[in-house]
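J.: Single-letter residue listing:
4 protein chains.
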Amino acid sequence: MSHNLLKGKRGLIFGALNESSIAWKVAELAHEEGATFVLTNTPVAMRMGTIDELAARTGSFVIPADATNVADLERLVKEGMEKLGGKFDFVLHSIGMSPNVRKGRTYDDLDYDYLDKTLDISAISFHKILQVCWKLDAINEWGSVLALSYIAAQRTLYGYNDMADAKALLESIARSFGYIYGRERQVRINTISQSPTMTTAGSGVMGFDALLDFADRMSPLGNASADECASFCVTMFSDLTRKITMQNLFHDGGFSNMGMSNRAMAVYNKNLEECKDCK
Amino acid sequence: MSHNLLKGKRGLIFGALNESSIAWKVAELAHEEGATFVLTNTPVAMRMGTIDELAARTGSFVIPADATNVADLERLVKEGMEKLGGKFDFVLHSIGMSPNVRKGRTYDDLDYDYLDKTLDISAISFHKILQVCWKLDAINEWGSVLALSYIAAQRTLYGYNDMADAKALLESIARSFGYIYGRERQVRINTISQSPTMTTAGSGVMGFDALLDFADRMSPLGNASADECASFCVTMFSDLTRKITMQNLFHDGGFSNMGMSNRAMAVYNKNLEECKDCK
Amino acid sequence: MSHNLLKGKRGLIFGALNESSIAWKVAELAHEEGATFVLTNTPVAMRMGTIDELAARTGSFVIPADATNVADLERLVKEGMEKLGGKFDFVLHSIGMSPNVRKGRTYDDLDYDYLDKTLDISAISFHKILQVCWKLDAINEWGSVLALSYIAAQRTLYGYNDMADAKALLESIARSFGYIYGRERQVRINTISQSPTMTTAGSGVMGFDALLDFADRMSPLGNASADECASFCVTMFSDLTRKITMQNLFHDGGFSNMGMSNRAMAVYNKNLEECKDCK
Amino acid sequence: MSHNLLKGKRGLIFGALNESSIAWKVAELAHEEGATFVLTNTPVAMRMGTIDELAARTGSFVIPADATNVADLERLVKEGMEKLGGKFDFVLHSIGMSPNVRKGRTYDDLDYDYLDKTLDISAISFHKILQVCWKLDAINEWGSVLALSYIAAQRTLYGYNDMADAKALLESIARSFGYIYGRERQVRINTISQSPTMTTAGSGVMGFDALLDFADRMSPLGNASADECASFCVTMFSDLTRKITMQNLFHDGGFSNMGMSNRAMAVYNKNLEECKDCK
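Protein chains in written order, with the working numbering: chain A, 1 to 279; chain B, 1 to 279; chain C, 1 to 279; chain D, 1 to 279.
Rather than coming from a laboratory, the hints here were simulated on the basis of the structure. Note that the structure is predicted; figures quoted are calculated from it, not measured. Incorrect hints may have been included.
Identical copies carry no separate label here, and so any pair may be met within one copy or between two of them.
Said to hold, decoys possible - Pairs of lysine-lysine residues, derived as DSSO-like cross-links and limited to a Cα-Cα distance of at most 30 angstroms, are as follows:
#	residue 1	residue 2
1	K270	K103
2	K270	K117
3	K135	K117
4	K87	K270
5	K7	K117
6	K78	K135
7	K117	K103
8	K7	K103
9	K7	K78
10	K270	K78
11	K78	K103
12	K103	K135
13	K270	K83
Work out the full structure, taking the sequences as your base and the hints as a guide.
T.: Next up, the structure:
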């Protein structure tokens, strides 16, 4: 059932690769809620995924762009406004990738060119998008911008590698630009720190299944799904949350404020006896 | 325009004193969004305020209760469910009062009986409400509970006195009970940390006008109003935010993540020279 | 080897019950580092423990007092200054007790008289000590006050019960009074958030052994011991840390900033398969 | 008076430009406390500053190196261990620079090559130092590593620009590497979040004088000086703080936990009347 929360709003959505993507779910729900929008991804990601199908289903436009390339972004933003017939009301950044993770370089053996790429793709791209929108005056007053983050920005998780640093940088950019964009144009900028989610990106992280299980048992409400994340994003894009900005919002079933749960401890304890020499 | 976000939902709202109250605004908007609910306040507050008018306008029930009194709360919750014809889907706690503040006892000269009252009224009442609901199984699965808090729980503000400690306690109770209520009954419990708001309660704090001005100029989007707070509360009561729990959510125009703004600094600097001896 | 970090300093130490107490270790080390001090505890705790032995070994004075009783505290502070020949340079609050925990009342079934006691003993006593010292002007300029806390103040741990709320209140009091005491008399007030420690108090918490193991494997440096805590306390009482105030300082081997460690995950994973129905 | 806190310890200190530098003060105090160490800076910074004078006074070695250049760092670390006759016990990273700030590029008009430099110099250099030390096994067990940070990593301050993002990245690197270095070699890694300090670097920030004044009046103990920071660093390098790791430690007179102080408000209010149209 639609609540018409985004009726008449125009959006720009980065990162819908395939139907397991959070951005994909956001696009579907934004459509239901009355928005029109542009979908974008890199040409490579487009070939790997099925974004055209999503565009067809939601009546949206697809414009390829490399989010680390300012010229690409300028073209995207201009073309996007033309297609939609006006400025954007919401923007979603759901982009992250670490060549160090992909190539199996551990955090004590980072390749620094890869690290630059991790930061550029996963964090600096967010600044580039915002700066391009800012310079082209492409976001309406009281518009809402979201980027997807993860608790690794605050706490270290085995195997998350340099993506943790990228998320910390991403959240800082949201605050820094949130101040300026808020003060001058009443645009709010927030990050959502989502439960670990079984997307194409997430599944690349070492030991992801075990982490999913642990997070689920630590969280009183269990892990938040991609669909649930999309619902929350819609409230953040709506006019009902206008005074929230520069925040990192945990959408994680309670994980972030848990120290130890009964359910996770049940698994932990069961194995404890046998595990006295586990290193 | 209603979004029907609370269609068919039943609620319990504490703390609607008069039309400047945040709880009042929440009640009005919850009504628009399709909810039915019980309004409650202490008998004294009811005489001081105009809650009956609100009840009439929103088709809601008024049941007096002292939120620090467990027997009162039991009666309230039972009677409330009867009147509404079912369990609650949402609960709002918007209660706070410090006899130390009222009587002008500064934080280095607290009266400890007053402190007990501050904590009982402003924080422990929240536990009592939750425990009574828990024992009477009065909240539906996936229900949502909110309490209103303030950034004084994290940072010291001149003049806020023992209410700061009460808010810290309140937020801790939200986490502690949020874990249990989430794990066992899928009920989420959060606090909203709202901008300073010119309510009857707020206006009792020393130097409140200056604080309002400072907070407004520090916040890129300005202070959040009571109406805006109500909008956010509605999203938190809706089914779109089901996996957010145990959180303290800043609804403050960005204040909480600002260190110093240009606008506040403009005031500060103006006559800094003349102020070299300001103590 | 002594560093003479507390040479000539006078102290007041609450909570040394027996040689497993953190306060006991602090007293021993403070003595080595050149301090003289008063030890205090409730008459009951004194009978249970062996504080006289500690006093003899460290050349310190024992003055019984109930830290929830203002008259007791006034007598203690006056008498303490007389015995030591001057104002205090440091104060340690290492007091915590929950009748709800002791009597097995779970957090969804709290006895509210017990809760009042938990808060009074574990948190409000800190305010009482500070207010008594403040009114009697009993702490020297640049003095240092510490209270021992636990991460349950920020994150919920199964079984920690209302002590979590007490610690949140305790940390808030440190901030609130730290502002005033810092501004007016250059006295700093901080809390130390210590690893779970096998003291008489700690061992009362449900499932404490398993928690200790989990915390140890989550923390890259392992749990911090009572002796290590004492070392840190001494640096915080010394003149080398004069500008740190209103902080909660994690002394926990890194636990607080870990999301998931390899070592804890090794235990967790071992028989995850067998545990599919662990609730 | 020396406490011999660093007796026999060997160190590596980055960033001592001239006698207003925090790293300079750390070097002086580390010398007093019994340490021997290597001083390093870029060749350019060495010509601008007076590091040789410091080396002479403290009996330390100077080895030029560009902290963004891995080959330079490898040479530095090897040569440093040779000169000192063993592995390092402590490392100080006090490096930060933003070409965007220097060239007057505001945060909504960043040059992305400059941003890369800001991040590389101010944050990634820290990872490079740690990774080089890790690979060369250059830090003793229970060694201590510190980097200097600023509260801009958490909260936005007008004019601090992309240095805020660099500090957020720096603090994340401390956590991420702190996990590995702690787990494998018992080395602790922390950042100190220092008051704004009138160093050569600090004075480049827009509106720095006013910020210093505001921070000073907000902080109950006033701003922390470079000398006071050095004292704290020495405690963190000593054996008394072995179990603190992955933390960001505020050394700021209480600023970080203040929302509004009486003293800052006195200045603010004075000007408020006249400032009704201040933007």
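J.: Run every hint past the structure and note whether it holds.
T.: For each hint, the structure was consulted:
Taking CA atoms no more than 30 angstroms apart as the test, K270 paired with K103 passes between copies only; the shortest distance there is 27 angstroms, against 35 angstroms inside one copy. Proximity of K270 and K117 under a CA criterion of 30 angstroms is satisfied in neither setting, with 42 angstroms inside one chain copy and 35 angstroms between copies. Taking CA atoms no more than 30 angstroms apart as the test, K135 paired with K117 passes in both settings, with 24 angstroms inside one copy and 23 angstroms between copies. With identical chains, the CA atoms of K87 and K270 are never at most 30 angstroms apart, being 56 angstroms at best within one copy and 37 angstroms at best between copies.
When the C-alpha separation of K7 and K117 is checked against a cutoff of 30 angstroms, the pair qualifies neither within a copy, at 37 angstroms, nor between copies, at 43 angstroms. In the homo-oligomer, the alpha carbons of K78 and K135 lie at most 30 angstroms apart inside one protomer (11 angstroms), although the nearest pairing across protomers, at 48 angstroms, exceeds that limit. For a Cα distance limit of 30 angstroms, the shortest separation of K117 from K103 qualifies both inside one copy, at 13 angstroms, and across copies, at 25 angstroms. Within a single copy, K7 and K103 get their C-alpha atoms no closer than 43 angstroms, and across copies no closer than 43 angstroms, so neither meets the 30 angstroms cut-off.
Within a single copy, K7 and K78 get their C-alpha atoms as close as 22 angstroms, which meets the 30 angstroms cut-off; across copies the closest is 40 angstroms, which misses it. In this assembly of identical chains, K270 and K78 lie within 30 angstroms of each other by CA distance neither inside one copy nor across copies; the values are 58 angstroms within and 41 angstroms between. Taking identical chains as interchangeable, the C-alpha atoms of K78 and K103 lie at most 30 angstroms apart only when they sit on different chains, with a minimum of 29 angstroms there against 36 angstroms within one chain. Taking the shortest Cα distances, K103 and K135 sit within 30 angstroms of each other only across copies (19 angstroms), while inside one copy they are farther apart (36 angstroms).
In the homo-oligomer, the alpha carbons of K270 and K83 never lie at most 30 angstroms apart, since the shortest distance is 58 angstroms inside one protomer and 47 angstroms across protomers.
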